[in-house]
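Those sequence lines, one after another, are chains R and C.
Start counting at 1 in the first sequence, then tack on 470, and there's your number in the numbering used here.
Start counting at 1 in the second sequence, then tack on 495, and there's your number in the numbering used here.
Rather than coming from a laboratory, the hints here were simulated on the basis of the structure.
Since the structure is predicted, the reported quantities are computational estimates derived from the model, not experimental observations.
Note that the Cβ used here is the ideal one computed from N, Cα and C, for glycine as well.
It is possible that part of the hints are untrue.
[To be verified] To be clear about the criterion: a stretch of chain R counts as covered by chain C if any three or more of its residues have a C-beta under 8 Å from a C-beta of chain C, and this derived list gives those stretches:
| # | region |
| --- | --- |
| 1 | 665-675 |
| 2 | 686-692 |
[To be verified] Non-contacting residues of chain C with respect to chain R, defined by C-beta distances greater than 10 Å in every case (computed):
| # | residue |
| --- | --- |
| 3 | E522 |
| 4 | E628 |
| 5 | G631 |
| 6 | S657 |
| 7 | I669 |
| 8 | N673 |
| 9 | D703 |
| 10 | F714 |
| 11 | E719 |
| 12 | R746 |
| 13 | Q754 |
| 14 | M758 |
| 15 | D789 |
| 16 | T808 |
| 17 | G811 |
| 18 | E826 |
[Stated by the list, open to error] Here are some chain R residues pointing at chain C (derived, C-beta under 7 Å):
| # | residue |
| --- | --- |
| 19 | A678 |
| 20 | R770 |
| 21 | T771 |
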Amino acid sequence: MTAMTIEIPNRERATSRFRSQRWIPFWLSGPAAIFFLILLGLPLLMTLALSFYTFDYTQGIGETLTVSHYAEVLSDSYFHEIFLRTYAISLVTTLLCVLLGAPEAYILYRMRNPWRSIFLLVTLGPLLISVVVRTLGWVLLIGGNGLLSHAMQALGLAGTRGFSLMYTHTGVVIAMVHVLVPFMVISVWASLRKLDMSTNDAALSLGASPFTALRRVIFPQILPGVLSGSLIVFALTASYFATPSIIGGRRLKVVATSVYDEYLSSMNWPLGATIAVVLLILNVIIVMSYSRWVENRFRRTLGEGGA
Amino acid sequence: MSFLTLDALTKRYGDVAAVDDLTLSLEQGEFVSLLGPSGCGKTTTLQMIAGFVAPSAGRIVMDDRDMTALAPSARGFGIVFQSYALFPHMSVAENVGFGLEMRKVPKSERMRQIDEALELVRLGHLHSRYPRELSGGQRQRVALARALVIKPPLLLLDEPLSNLDAKLREEMQIELRNIQRDVGTTTLMVTHDQGEALSMSDRVVVMDQGRAMQIDDPFRAYEEPADIFVSTFVGKTNLLEGRMASNDEGRPCVELGLQRLEMAGLGRVGGGSVRLSIRPERLEMTPCRQGLVDGRVQTRQFAGDHWLYQIDTPMGLLLATCPNCGPAGFEVGDDVGVRWNPEAVRLLNDTPTQTAAAGAPL
Chain R
471 MTAMTIEIPN
481 RERATSRFRS
491 QRWIPFWLSG
501 PAAIFFLILL
511 GLPLLMTLAL
521 SFYTFDYTQG
531 IGETLTVSHY
541 AEVLSDSYFH
551 EIFLRTYAIS
561 LVTTLLCVLL
571 GAPEAYILYR
581 MRNPWRSIFL
591 LVTLGPLLIS
601 VVVRTLGWVL
611 LIGGNGLLSH
621 AMQALGLAGT
631 RGFSLMYTHT
641 GVVIAMVHVL
651 VPFMVISVWA
661 SLRKLDMSTN
671 DAALSLGASP
681 FTALRRVIFP
691 QILPGVLSGS
701 LIVFALTASY
711 FATPSIIGGR
721 RLKVVATSVY
731 DEYLSSMNWP
741 LGATIAVVLL
751 ILNVIIVMSY
761 SRWVENRFRR
771 TLGEGGA
Chain C
496 MSFLTLDALT
506 KRYGDVAAVD
516 DLTLSLEQGE
526 FVSLLGPSGC
536 GKTTTLQMIA
546 GFVAPSAGRI
556 VMDDRDMTAL
566 APSARGFGIV
576 FQSYALFPHM
586 SVAENVGFGL
596 EMRKVPKSER
606 MRQIDEALEL
616 VRLGHLHSRY
626 PRELSGGQRQ
636 RVALARALVI
646 KPPLLLLDEP
656 LSNLDAKLRE
666 EMQIELRNIQ
676 RDVGTTTLMV
686 THDQGEALSM
696 SDRVVVMDQG
706 RAMQIDDPFR
716 AYEEPADIFV
726 STFVGKTNLL
736 EGRMASNDEG
746 RPCVELGLQR
756 LEMAGLGRVG
766 GGSVRLSIRP
776 ERLEMTPCRQ
786 GLVDGRVQTR
796 QFAGDHWLYQ
806 IDTPMGLLLA
816 TCPNCGPAGF
826 EVGDDVGVRW
836 NPEAVRLLND
846 TPTQTAAAGA
856 PL
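Model the full structure from these sequences, guided by the hints.
Shown next, in the form of structure tokens:
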């Protein structure tokens with residue numbers, strides 16, 4: 471009898487504990503989820519809503535809903551140019567990051583310690599410095615009164631007016647590549663960590679030259695890292711603000727800087743919101759179709775999810 | 496003239512000699528194993544032959560051609576790596592065909608040879624699979640097919656079976672050896688597994704600290720170990736101390752328990768004691784006071800096909816194995832006698848010496 475009276479509450483306590491345990495993951499992730507929803511989801515929804523409101527330069531944001539901003543962004547060649555410029559810069563920046571970052575990661579990987587750690591730190595160290603500071607550093611280098619200009623003048627390659635890469639595509643791309651190449655290195659590095667270097671030896675022993683081994687055996691194995699690194703670099707460039715706004719300025723507008731201008735110069739918030747939403751949708755489409763393609767491409771050879 | 500000759504091959508890293516003055520000759524078609532504990536220099540030796548590591552001194556000569564300075568790709572040796580090193584982004588057929596492609600073999604001929612090589616390792620049906628879709632044993636076979644399809648003069652195996660589970664390893668030992676016999680490729684295998692080396696090789700090179708301690712056929716390496724290292728590394732053994740004495744006719748002999756042994760080579764030894772070795776399976780257990788030494792059974796282990804006893808005797812702890820013919824004859828704590836045949840006792844060199852390799856002229 472005593473055994474019964476002890477046993478029943480015990481079991482009840484166990485089941486109630488089990489029930490409360492089911493909620494533990496929700497309690498634990500709840501604060502972060504609420505934080506995320508309020509600080510990211512809500513502004514995003516408000517931006518989306520804002521993009522449908524009318525705007526008048528004399529009366530400000532109206533009360534009625536309209537899709538005219540979307541019509542404007544999608545039909546005006548002014549915006550086409552900005553979007554095309556943004557994606558062109560992104561594409562060129564991504565390509566250059568691949569050309570610089572992939573070999574850089576591979577060379578770092580083949581280095582021995584301590585050089586490997588030292589150079590990895592040199593490569594990734596700039597991530598610790600503010601993008602604005604680094605971009606202003608480029609201004610000092612490539613600006614009209616910058617180091618590059620003085621050097622060119624000294625060599626007689628530039629006239630007395632000096633030489634500037636400010637407000638040019640070249641200047642923006644150089645600075646963007648510098649800012650984003652560490653992301654490519656990290657991504658390729660992750661692929662290299664999974665690489666079995668004896669496959670290189672195997673290729674050599676089968677008669678491949680070092681270059682052929684690199685091209686036919688090593689590169690295909692780090693390709694997933696290159697592709698996912700490209701995705702990161704491309705997506706970041708397409709929505710980057712600080713570097714294009716400092717080096718490109720008003721003369722070389724990209725999507726992010728024109729959103730900023732619509733909000734803070736023209737005060738046309740609905741149009742700014744529309745441009746932001748269009749950029750977001752385009753980026754999501756590009757990123758998702760790209761990563762789906764990458765996944766399908768590598769599912770059989772290098773495991774689920776490619777990189 | 497032998498087919499492949501390693502002539503005083505040496506590799507130093509700083510002050511440490513990873514491989515120290517290794518001289519070895521392989522005959523055409525021979526299967527030789529480099530056997531030793533990790534860090535003994537066996538893998539470095541293989542890497543030097545393959546061309547991935549440059550020797551500090553010495554030569555690698557094949558068929559009268561000095562290969563020492565040749566690039567790995569110019570040597571044309573087939574190599575099976577410990578990790579198999581299959582190309583994960585290529586199908587089985589592409590992996591096997593890679594070497595042929597590098598040799599610019601026309602496509603139709605290439606296909607024929609790939610099929611042939613895959614048939615040889617019984618994987619003809621897995622042509623278009625990718626390495627990660629294969630089991631460990633299948634990957635091993637693909638690696639072997641890839642190494643053999645280029646018809647290499649020399650096949651190098653770097654711990655080829657160490658990643659397989661025990662049962663598969665035994666099957667592959669037999670199969671690998673059969674394939675090697677069929678194609679007749681001279682083979683050098685690196686392994687730390689003495690059972691593998693003994694069962695597969697024509698000759699075994701037992702290595703320690705960069706030096707070849709003994710180069711012999713498996714039976715002799717086991718039965719007549721050159722020194723203490725070889726006798727303990729190749730198989731289990733009982734190391735015993737014998738006292739030097741002289742018999743009634745005044746000839747030198749060794750006292751071991753109640754036994755006086757006359758052995759070859761005793762003349763070289765001065766007075767004092769000598770090191771002797773007896774294999775556990777050569778010890779016979781008898782009732783108490785009927786053997787050459789008495790002791791007490793300390794532990795008993797059952798290993799399926801045999802029993803393993805540890806017997807505490809005045810000569811030290813002796814290891815004895817008895818084939819499993821019915822239930823065990825002795826219990827832990829039993830007083831027993833131990834007996835052995837005089838021929839089973841081996842005299843060991845106390846100091847490490849390089850036997851067959853030492854100063855052998857080319």
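*Mind verifying the non-interface call on T808(C)? Its CB should be farther than 10 Å from each CB in chain R.*
holds, 49 Å
*Grab the minimum beta-carbon distance between E628(C) and chain R and tell me whether it stays above 10 Å.*
The claim is violated: E628(C) sits with its nearest Cβ about 7 Å from chain R, within 10 Å.
*With d taken as the least Cβ-Cβ distance between D703(C) and chain R, does d exceed 10 Å?*
Check passes; 25 Å lies beyond 10 Å.
*S657(C) non-interfacial with respect to chain R [C-beta, more than 10 Å]*: holds, 14 Å
*Check the non-interface label on G631(C): least C-beta distance to chain R beyond 10 Å or not.*
Correct as stated: the minimum Cβ-Cβ distance to chain R is 15 Å, above 10 Å.
_Claimed clearance of chain R by D789(C), with the beta carbon kept past 10 Å_ = holds, 55 Å
*asked:* Can you tell me if the region 686-692 of chain R counts as covered by chain C, using C-beta to C-beta distances under 8 Å and a minimum of three residues?
replied: holds (count 4)
_10 Å cut-off, C-beta based - Q754(C) kept clear of every residue in chain R_ = Q754(C) is indeed farther than 10 Å from all Cβ atoms of chain R, at 53 Å.
*Any Cβ of chain R at or closer than 10 Å to R746(C), or is the non-interface label fine?*
Check passes; 57 Å lies beyond 10 Å.
*Going by Cβ atoms, does N673(C) stay more than 10 Å from chain R at every point?*
Given that every Cβ of chain R is farther than 10 Å from that of N673(C), nearest at about 23 Å, it holds.
*Can we trust that F714(C) is non-interface, i.e. its beta-carbon lies farther than 10 Å from all of chain R?*
holds, 33 Å
*Say whether it holds or is violated: G811(C) keeps its Cβ farther than 10 Å from all Cβ of chain R.*
holds, 45 Å
In summary, the structure is inconsistent with hint 4 from the numbered list given earlier, while agreeing with all the others.
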